[in-house]
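Following the hints, position chain B against chain A.
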Amino acid sequence: MRLWKAALLMNLALLCGVGWGYLFWGVRADRLARELEAGRTGPATLGAERVYEVTGVVRATLPDLDVVVVTHDEIPGYMPAMTMGFRAATPEILHSVQAGDAVRFTLRGTLPSLAITALEKIAPRVGAAEDGRP
Amino acid sequence: MAGITELLGLTVRWAHLTTSILLVGSAAVLLLAGPSDRPTARRWDVRVAAAARWLVLLALATALASVAYQTAVLEDRATAALEPAALARFLLETRGGTVWLLRGSLLVLLGVFVALPADIRRRADWRAARGQALFLALGALMLVAAAGHAAAVDPGTAIAVAADAAHLLAAGLWIGALPALALLLVVTARPDGADARPYAVRLARRFSRVALGLVAALALSGVVSASAQIGSVAGLLGTPHGRLLLLKLGIFATMLAVAVLNRRLLPALGGEAATVGRPAMRRLSRLVTVEAGLALLALVIVALMIVTPPARHEQPTWPLAFRLSLEALTFSPDARARTLVGSQVTVLGLVAVLASWPVRRLRLPLAAGGLVVALAGGAIALPPLAVDAYPTTYRRPEVAYHASSIAEGARLYADGCAVCHGPEGGGDGPAAAGLHPRPPDLRAHHANLHTAGDLFWWITTGLGPMPAFGDRLAPEERWHVINFVRALAAADSARLLGPVVERDRPWLVAPDFAFAVGPTAARALKDYRGQRIVLVVLYTLPASRTRLAELAQHYGTLSTLGVEVIAVPTDAAPDALHRLGDEPPWILFPVVTEGAREIVRTYRLLSPAPHAEFLVDRQGYLRAITGALGDASRQINLLLAEVQTLNEERPAPPPDEHVH
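Those protein sequences? They're chains A and B, same order as listed. Each position in the first sequence, counted from 1, maps to that position plus 43 in this note's numbering. Each position in the second sequence, counted from 1, maps to that position plus 673 in this note's numbering.
These are computed hints drawn from the structure, not numbers from a lab. None of the values given here were measured: they were computed from a predicted structure. Treat the hints with caution; some may be incorrect.
To be verified - Coverage of chain B stretches by chain A, computed from C-beta distances (three or more under 8 angstroms per stretch; other residues unrestricted):
hint, segment
1, 724 to 732
2, 795 to 802
3, 1244 to 1253
As the list claims (entries may be wrong) - If you want the ones that stay clear, here's a sample from chain B, every Cβ over 10 angstroms from chain A, calculated:
hint, residue
4, A753
5, G770
6, A791
7, D792
8, Q988
9, K1199
10, P1257
11, I1260
12, E1315
Backbone N, C-alpha and C fix where the C-beta goes; we use that ideal spot for every residue, glycine too.
Chain A on its own, in the form it takes in the complex:
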């Protein structure tokens, strides 16, 4: 074969190789993105009962609505950290806390109606006693 033909074939082969590598990388990146999304939101089975353990501090109670307003940490796979109200499943839960209590509670139910089914007060963080240093 003439040399220039051989060189041309080699370049075409290189081009195909680069193209294949690019497509392969694209497919891989797509698969990784999908895995990441699935991992972040958790198994997406609607209709199944969800259970979450949440840590937070009570800001207010609304007895007329059975709602406890809490500043809570991020609930992985559900919502980021925020201040919002949750329905208390029983009146005892509602009356057991007041504004300022540090709590850990269980959120249970099927979307979109989740409610607090269990709640316990927790001690403030170690070292927060006198000087407020985190």
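Chain B only, in chain A's frame:
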């Protein structure tokens, strides 16, 4: 032992870089020269092609050695260099290894291509042979940019890698071609090589023309790379990487001077006639050999730079006793006038130098005179800009400008500095009267003339009657004190901030702080940057209760306008939420239960009132301070108006995390 392995690793990297560049250059020079029927030229062509085969083998061998060395370094054990599993991990799972794999395959392809005996008598085949070799070698060389220091620049990776690749391209084509060119010139300078002299001169002329563009590309891409990797004069003069670059630039300047000499020689070498004189050829060949030798030396410096951390990651050690600073002019109008006059004189001199280029007669006197005038202008303009400098002048603080650092600095300052410098830095401490000279006011405006590094030097080694604290305070503690001193100055100038926001004039950085509400995860003020305006409220019960209730009532409106309110109890009580109670209106914005002590200690410097509100914009600058509790309804409308002003502004660049 470790030194020898490092030297070995360095030698292998240098050898690989040199062979890669020589492959590119020799293919390019053969292509540029074109085929010839003169026997000497043909012999030279064959010799360079044969050398290319050895170069590919050497490049592949050094590539393997480099990969083994890097694997051993990454896994931190020497035996990893010989383990197939470790090598596979490096080659497949790291970016650097993948780039080595790609380059290695290109080099293998190149090796196969040059090793094949091929019939290159026809012109198309000859061109294909040389062109394909150049193409593969260039690909292998330019891929180095994807795994070098430029690939680690973020943001701006694409530009940095492109500049690096362009630099490699220009270097390969210019530097790599010099040895082959020198060989041809040496061979034709001999009496038995005279038949190919016109061929050699033609090549030299073509190369000289192309080299002009290549040198420009080299310089431009070098400037872009240097600004990304070094970024400042301090980095250039004060770090090993920067000093290596200065050395490389020196060699480059010498090579340029030699190249200019070569250009001057070329017209004298006559036309196509085979009567090109031997002495002229000898002179040219000698100069090009010198250039080639300098190029190889420059590559040694480049290999050293590859293994040195880039200057922007290192703390520079300033080598001179002075530095030039434009801020020195702000305090002396005479100095300003002098610098202005001197700069005009310099411009005049430079114009004369530039004007000497097109002029034929009087070129040398004009250029020399212009240079002298420019230097004289520099001698007039520069001395007023000189300020004292120390080795740590350009050190960046190791601790961020954060409330915890400022609070710790306040404690250290009260223990060891307040006795002379006074409780607020005014130079009015109990022991100050007996000192000569008296301690300066640390809050004065001209304190900004000194960098944080200057302060670090003085604290470490002392100044005049001030003792050296280098033994008593750890470096981190010294930076805490410096953060506190900067906060004192900030507090002094915070008196200029009122409750009204000055549009488009952010200048005071709000100290960052960490806080937590109850048991939830800790957050930082910095987290709100780029997203929300923050109103930091230092409150004292019971006086602040009505104001807090008012803020709670309007919290919805404030949130819609993009404001977050962070309330900090001045008594730093951990049960602050209990004390606020749960009667409506409920206070639902963050109330700090952990971290309040440091926040109060820092922000009290900026306003001592028992209730103070600090409006921080989205970039982290403090824009308004309200101290007194006035008429409630008027105040909330004023607050909303200031928030709207901030919302209408164009965003400014965010402040640095460290003091200067």
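Checked against the structure, which of the hints given earlier come out wrong?
1, 6, 7, 10 and 11
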